[in-house]
Amino acid sequence: MNQIIKDVEAPYLKQSLPKMGVGDTVKVFFKIKEGGKERTQGYEGLIIKKAGSGINHTITVRRVFQGVGIERVFLVHSPRVEKITVQRRGDVSKSKLYYLRARSGKATRIKEKLGGKREETVVTAPQAKPEAPKGE
Amino acid sequence: MKNSVGLLGKKVGMTQVFDKEGGAVPVTVVQLGANVVTQTMTKEKNGYSAVQIGGFAVKEKKLNKPELGAMKKQELPALKPLREFRVADTSSFKVGEELKADELLKEGMLIDVQGTSIGKGFQGTIKRYNAGRGPMSHGSKFHRSMGSIGPGTTPGRVFKGLHMPGHMGSVTCKVTHLKVVKVDTEKRLLLVRGSVPGCDGGLLVITPSITKWNG
Numbered sequence: 001m002n003q004i005i006k007d008v009e010a011p012y013l014k015q016s017l018p019k020m021g022v023g024d025t026v027k028v029f030f031k032i033k034e035g036g037k038e039r040t041q042g043y044e045g046l047i048i049k050k051a052g053s054g055i056n057h058t059i060t061v062r063r064v065f066q067g068v069g070i071e072r073v074f075l076v077h078s079p080r081v082e083k084i085t086v087q088r089r090g091d092v093s094k095s096k097l098y099y100l101r102a103r104s105g106k107a108t109r110i111k112e113k114l115g116g117k118r119e120e121t122v123v124t125a126p127q128a129k130p131e132a133p134k135g136e
Numbered sequence: 137m138k139n140s141v142g143l144l145g146k147k148v149g150m151t152q153v154f155d156k157e158g159g160a161v162p163v164t165v166v167q168l169g170a171n172v173v174t175q176t177m178t179k180e181k182n183g184y185s186a187v188q189i190g191g192f193a194v195k196e197k198k199l200n201k202p203e204l205g206a207m208k209k210q211e212l213p214a215l216k217p218l219r220e221f222r223v224a225d226t227s228s229f230k231v232g233e234e235l236k237a238d239e240l241l242k243e244g245m246l247i248d249v250q251g252t253s254i255g256k257g258f259q260g261t262i263k264r265y266n267a268g269r270g271p272m273s274h275g276s277k278f279h280r281s282m283g284s285i286g287p288g289t290t291p292g293r294v295f296k297g298l299h300m301p302g303h304m305g306s307v308t309c310k311v312t313h314l315k316v317v318k319v320d321t322e323k324r325l326l327l328v329r330g331s332v333p334g335c336d337g338g339l340l341v342i343t344p345s346i347t348k349w350n351g
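Those protein sequences? They're chains A and B, same order as listed. Okay, so the first sequence: first residue is 1 according to the working numbering, each after it adds one. Okay, so the second sequence: first residue is 137 according to the working numbering, each after it adds one.
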């Protein structure tokens, strides 16, 4: 990506985000407006897709609610997304878990990924610029 | 007549930023040039009054001798390209002065952005003029070609301006009433809401819109 655009995006990026991948069960806390009031709501589900990069990075979170599958796309760096916590790490071999849409019940189980630190964080926007620009 | 100078810039590309409510705003990043006043035209001397702006500071070898000579005469660095803006009064502009982006453009005001649209090459009527097409199958031999170009003996000619295949794009076009999201004078950057004509790196001419909302 262009360095100028990266610099424009940098102040809007979140400093630290949990390391999350496709197959992980996450809880997304996001702000919603209700009659002039703002409150935070949690939404728990499985990441079935990661898309975009930089400020446009999104995750698609799927959950089955009352027998109906719901998929919500969250703009990870949006100020409306307050917090994301990883509940469970999944071990999957696909980058997009679209096959879950056709499955239900026991067939949607995903193996847990063991090992690795739970509270790993990925620094997305380094505050201080490194002296030597790394090759992209 | 438009009574304002404009700024020259280059399109960097598009991204998005977040507004106060947390909504994502699609923006185009524009790198503004040096924008130095290179000449002022007056009614007495030139027959019209205008200000000539030099866009970007370039290497001297990028200019030819007459262009460089004109710059040397005014004791200016090598500037390219040059654009004239009609203004009623040129007294406030001094040769060699840089136009300040934050004085001309304010956050929230509306601007017009002129550029050269992306070239599409030789295109048919479907892409170029949104013409319809025939069926692609079931024995049809009329697929994407254009239909009749007019009646027969009367008028006995094809009317001028008929929509036909040809070169598309690469024309000067202007998008009006785009909102300024941010002006960064330090980095010479301008964030405009929405898209602007042309490819990344293309030249843009930015002028304030003539509208009641600009105050």
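Do not take every clue at face value.
[Stated by the list, open to error] Distance condition first, Cα-Cα at most 25 Å in a straight line; then the derived BS3-like pairs of lysine-lysine: (1) A:Lys6 with B:Lys208; (2) B:Lys146 with B:Lys198; (3) B:Lys236 with B:Lys296; (4) A:Lys83 with B:Lys156; (5) B:Lys198 with B:Lys216; (6) A:Lys33 with A:Lys113; (7) A:Lys14 with A:Lys83; (8) B:Lys208 with A:Lys31; (9) B:Lys242 with A:Lys6; (10) A:Lys111 with A:Lys31; (11) B:Lys146 with B:Lys195; (12) A:Lys6 with B:Lys156; (13) A:Lys49 with A:Lys37; (14) B:Lys195 with B:Lys181; (15) A:Lys83 with A:Lys50; (16) A:Lys14 with B:Lys318; (17) B:Lys198 with A:Lys14; (18) B:Lys323 with A:Lys6; (19) A:Lys83 with A:Lys49; (20) A:Lys49 with A:Lys94; (21) B:Lys146 with A:Lys6; (22) A:Lys14 with A:Lys50; (23) B:Lys242 with B:Lys146; (24) A:Lys14 with B:Lys195; (25) A:Lys111 with A:Lys49; (26) A:Lys50 with A:Lys111; (27) A:Lys83 with A:Lys37; (28) A:Lys33 with B:Lys156; (29) B:Lys156 with A:Lys37; (30) A:Lys6 with B:Lys198; (31) A:Lys111 with A:Lys33.
These are calculated hints, taken from the structure and not from any lab test. Everything numeric in this text was worked out from a predicted model, so none of it was measured.
Structure-based check of each hint:
no. : hint                   : result
1   : A:Lys6 with B:Lys208   : violated, 37 Å
2   : B:Lys146 with B:Lys198 : holds, 17 Å
3   : B:Lys236 with B:Lys296 : violated, 46 Å
4   : A:Lys83 with B:Lys156  : holds, 18 Å
5   : B:Lys198 with B:Lys216 : holds, 8 Å
6   : A:Lys33 with A:Lys113  : violated, 36 Å
7   : A:Lys14 with A:Lys83   : holds, 10 Å
8   : B:Lys208 with A:Lys31  : violated, 59 Å
9   : B:Lys242 with A:Lys6   : holds, 23 Å
10  : A:Lys111 with A:Lys31  : violated, 31 Å
11  : B:Lys146 with B:Lys195 : holds, 17 Å
12  : A:Lys6 with B:Lys156   : holds, 20 Å
13  : A:Lys49 with A:Lys37   : violated, 31 Å
14  : B:Lys195 with B:Lys181 : violated, 31 Å
15  : A:Lys83 with A:Lys50   : holds, 17 Å
16  : A:Lys14 with B:Lys318  : holds, 20 Å
17  : B:Lys198 with A:Lys14  : violated, 42 Å
18  : B:Lys323 with A:Lys6   : holds, 13 Å
19  : A:Lys83 with A:Lys49   : holds, 18 Å
20  : A:Lys49 with A:Lys94   : holds, 10 Å
21  : B:Lys146 with A:Lys6   : holds, 17 Å
22  : A:Lys14 with A:Lys50   : holds, 17 Å
23  : B:Lys242 with B:Lys146 : holds, 19 Å
24  : A:Lys14 with B:Lys195  : violated, 40 Å
25  : A:Lys111 with A:Lys49  : holds, 17 Å
26  : A:Lys50 with A:Lys111  : holds, 19 Å
27  : A:Lys83 with A:Lys37   : holds, 19 Å
28  : A:Lys33 with B:Lys156  : holds, 14 Å
29  : B:Lys156 with A:Lys37  : holds, 16 Å
30  : A:Lys6 with B:Lys198   : violated, 29 Å
31  : A:Lys111 with A:Lys33  : violated, 36 Å
Hint check: violations occur at hints 1, 3, 6, 8, 10, 13, 14, 17, 24, 30, 31; the rest are consistent with the structure.
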